[in-house]
Amino acid sequence: MVFACSSTPGERTGLRLIKGEVDGIVERLGIPAQPDRRPLYFAEGPYVVRTHNRERMDIRAAFAEAQRLLIKAASATIEPSLADAYRDELNTLIDVIREADGNRPRPPAQAARAAA
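Under UniProt numbering, the residue at position 103 of the sequence shown is numbered 103, and the numbers go up by one with no gaps.
Just so you know, these hints were derived from the structure itself, not from any lab. Among these hints, one or two may not hold up.
[As the list claims (entries may be wrong)] DEER-style ranges, computed between Cβ atoms:
(1) S75 x A115: 42 to 50 Å
(2) A114 x V26: 49 to 57 Å
(3) A64 x E27: 37 to 45 Å
(4) R50 x S81: 18 to 26 Å
(5) A115 x F42: 53 to 61 Å
(6) P105 x L29: 27 to 35 Å
(7) R38 x A109: 37 to 45 Å
(8) A115 x D58: 41 to 49 Å
(9) E27 x R68: 32 to 40 Å
(10) D23 x P108: 30 to 38 Å
(11) G102 x T51: 13 to 21 Å
(12) D88 x N53: 16 to 24 Å
(13) E27 x Q67: 30 to 38 Å
[Unchecked claim] Heads up, simulated DMTMM-like pairs for lysine to aspartate or glutamate below, C-alpha to C-alpha not over 20 Å straight-line:
(14) K72 x D84
(15) K72 x E89
(16) K72 x D88
(17) K72 x E44
Please read all numbers here as calculations on a predicted model, not as lab measurements. Ideal Cβ placement from N, Cα and C applies to all residues, glycine included.
Model the full structure from these sequences, guided by the hints.
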């Protein structure tokens, strides 16, 4: 995600997503667009890993991150395109939390019941 803080004399609009503007410039230059195919998060065993800094979170920390993203996505003070980016990141995180939760080892009694 690419953000910029735009301001004109006397007016400040804060951070906004400028990917759409950059894509238009790149297209006019004749450079084929290369989408970022790296996932924002991925499951590594029972942990959720943030791709850009390799931070490992347990399920509880990932859930707190999801709550933070939900608050940002629902904020009425940000640009709609930025809210959409937060929503997309939240959707990815929820899928990865589910995957990581499925990778957690189960207690022996629960495993025995499932095998029976």
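Structure-based check of each hint:
At roughly 47 Å, the beta carbons of S75 and A115 sit within the given window of 42 to 50 Å. Between A114 and V26 the CB atoms are about 51 Å apart, so this pair conforms to the stated range of 49 to 57 Å. Take A64 and E27: their Cβ atoms lie about 38 Å apart, and the range 37 to 45 Å holds. At about 22 Å, the beta-carbon gap between R50 and S81 stays in the expected band of 18 to 26 Å.
In this structure the supplied range 53 to 61 Å is violated for A115 paired with F42, their Cβ-Cβ distance being about 29 Å. In this structure the hint that P105 and L29 lie 27 to 35 Å apart at CB is violated, the actual value being about 51 Å. Look at R38 against A109: about 39 Å separates their beta carbons, and that is inside 37 to 45 Å. Taking 41 to 49 Å as the suggested C-beta distance range, the pair A115 and D58 does not conform, at roughly 26 Å.
Separation of E27 from R68 is about 33 Å and conforms to the stated range, judged on CB atoms against 32 to 40 Å. A C-beta distance of roughly 53 Å is found between D23 and P108, which places it outside the suggested range of 30 to 38 Å. For the pair G102 and T51, the beta carbons lie near 20 Å from each other, so the given range of 13 to 21 Å is met. Take D88 and N53: their Cβ atoms lie about 19 Å apart, and the range 16 to 24 Å holds.
One distance hint, 30 to 38 Å for the beta-carbon pair E27 and Q67, holds here, with the actual separation near 37 Å. Only pairs whose Cα atoms come within 20 Å are accepted, and K72 paired with D84 is accepted, the gap being roughly 10 Å. With a C-alpha separation of about 11 Å, the suggested pair K72 and E89 falls inside the 20 Å cut-off, and the hint holds. For the suggested pair K72 and D88, the alpha carbons sit about 12 Å apart, so the restraint of at most 20 Å is met.
Pair hint K72 plus E44 does not hold up; C-alpha atoms about 26 Å apart against a cutoff of 20 Å.
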